[in-house]
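Peer 1: Residue numbers (numbering that gives the first Met the number 0), protein chains in the order written: chain Y, 0 to 265; chain B, 0 to 340.
A portion of the hints provided could be inaccurate.
[Unchecked claim] Pairwise CB distance ranges (calculated):
1) Ser161/B x Ile108/Y: 26 to 36 Å
2) Met94/Y x Asn9/B: 46 to 56 Å
3) Ile80/Y x Asn9/B: 58 to 68 Å
4) Leu181/Y x Lys111/B: 40 to 50 Å
5) Ile80/Y x Asp110/B: 35 to 45 Å
6) Pro91/Y x Asn300/B: 49 to 59 Å
7) Thr126/B x Leu57/Y: 50 to 60 Å
If you're looking for bench data, these hints aren't it; they were derived computationally from the structure.
C-beta: ideal position from N, C-alpha, C; glycine also.
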Amino acid sequence: MRKINLLVSITAICTMVFLYIPLLSVAFFSVNDTKYGMVWKGFTLDWYLKLFQNEMILHAAWNTLVLAIVSTIVSTLLGTILAIGMDRFPWPRKMNTTLDLILHLPVIIPDIIFAAAMVVAFGFLRALSSMFEPGLLNMIIAHITFQTAFVALVVRSRLVSIGKEVEEAARDLYADTTYLLLKVTLPLLMPGIVAGAMLAFTLSLDDFVISFFTAGPDSVTLPLYIYAAVRRVVTPQIHALSTLVLMVTIIMVICMERFTRKVNIK
Amino acid sequence: MKGLQLRGINKTYGNVKAVEDVSQEIHSGEFFTLLGPSGCGKTTLLRMIAGLELQDSGTIILEGEEITALPAIRRQINTVFQSYALFPHLNIFENVAFGLRSRKVPGPEVDKRVKKTLEMLELGQMTKRFPHQLSGGQNQRVALARALVNEPKVLLLDEPMSALDAKLRAQVQVELRRLQQKLGQTFILVTHDQDEALVVSDRIAVMKDGKIIQFGTPVEVYESPKNKFVAEFLGTANLIEGTYHDGQFHTELGIFELEKPPSWKKGLIAIRPEWIRISDTKPDKNGIRATVTEMIYRGTNLDLWLSPGPIRLRTSTYKNIQIGDQVWLDMAPKEIAVLNE
């Protein structure tokens, strides 16, 4: 029994090392005071300072933020409405399974297929208006399409856990639809909505494939910039940038975790 | 016209008839109970009265006014839900105030009414707390307060005690009965617990398969059950099968005399375990010689199983009885219920 325990522990530790060594080494080289080579030459924050003097990087960071914020706001709104509509409208039972499938598809479909489909769709739209030239607008629309499904899934699972009885109680206590929505459904749904929004934001921040297919020359985001830069040469600046993006993501995940835990205890 | 009238209510889900042709009058100020096993349609019927479910056909009349087509928010009827369905994000005061606030009752009046209701239910100290900080029994009272503060014409209670433990439940039943009598309001309770129904009700309607099969006061339904289902659902009963001829009821156990001749030739009689008396000497009428085969001591009484039969007997004035003892059973004609269906 003890032997097995030891084996399990060792495997677990190895897996953790396997998972985190690449990330840790990136962070390690981002503070290493040398441009080339794999040896430790002392601690420095130079690469981070240089990062903030690089116009292209700042521009990419700005694009990334605009894309993430706008798409998150819109997709959170749409996803929430979609979830409420799917869960609370008295659909016939058969329709329910179909709706379920429709909602899960964008989540399951490989990004690359989704991205290619976007290219085709924007091709059509371009014929109607020059608005749909590759660029930030296309990226925002594309991000909204896949984020909405994620938000709707999260919000819907919260709706299911709230149950319908509380809403029935509100109706029984003379609440009309607006009052019910404002005073009962939305306040109870808020943790789900916030969690969905954070998930959407993180997904948008990290997305490469869909951005790559829909970006224009002027709408480079950080993941796209990193990709392009790495193809030329991996500099410590890139390490520093990657580490920053990683840290933002980690903070978001921790916040989300804290938030949902607090709500669950309540 | 006072009270609540249900006329020819029907409801089907797919192929299942949840409620079938229910017509029932509920008097103003009475404690009425819908009693039945799970799936008998009692909750569906309650939800239709609340306006949370729409019946396929039938009419509902409240104090002379037809409310058949009105949605829940326009019916002066409030519900205590089985899970209480309290609003977890609102404190106790706001939970209770919800129905008044949604109807835009002015603030000072809300204050006054909520406080009064909370005091009445001994929740005066809890106003600032949240439902998750309260015990099950306290939450149940909050649910009751939240409904009663609206002064509904009818209060509906959907198995409100199923989440409480047995001891608390017995206490709450009595409190609920007292509260209803104090307020003089119409209460309709749904339950599957026959003890609860007997304790609290003015009248009980026993439901099965979507139909009301018998209704009456607790004494009527308990002492004169109409059929086998009612006899066995409310308490336990010894059911004895036989034929009636020559003014007597002939069974495998022996010959019985009945108070009134039944309407049938072949059928069932029921006798409750606690109605049978043990006797050392042969009784004048309906005496049966039986042997004790099993005994269970329950503190307040003793449950016996006797053969032939087996006959179940409950006694609280027992003497020293042991398994294997032979006794006379006295089943007086007035203690025997004749089942008519």
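Peer 1: If a hint holds in the structure, say so; if it doesn't, say that too.
Peer 2: Hints, one by one, checked against the model:
1. Here the CB-CB span from Ser161/B to Ile108/Y is close to 45 Å, at odds with the stated 26 to 36 Å.
2. Under the hint 46 to 56 Å, the C-beta atoms of Met94/Y and Asn9/B, about 26 Å apart, miss the expected range.
3. For the pair Ile80/Y and Asn9/B, the supplied restraint of 58 to 68 Å is violated, since their beta-carbon distance comes to about 36 Å.
4. Taking 40 to 50 Å as the suggested C-beta distance range, the pair Leu181/Y and Lys111/B does not conform, at roughly 25 Å.
5. A beta carbon spacing of about 36 Å between Ile80/Y and Asp110/B agrees with the range 35 to 45 Å that was offered as a hint.
6. With their beta carbons about 54 Å apart, Pro91/Y and Asn300/B fall inside the hinted range of 49 to 59 Å.
7. Taking 50 to 60 Å as the suggested C-beta distance range, the pair Thr126/B and Leu57/Y conforms, at roughly 54 Å.
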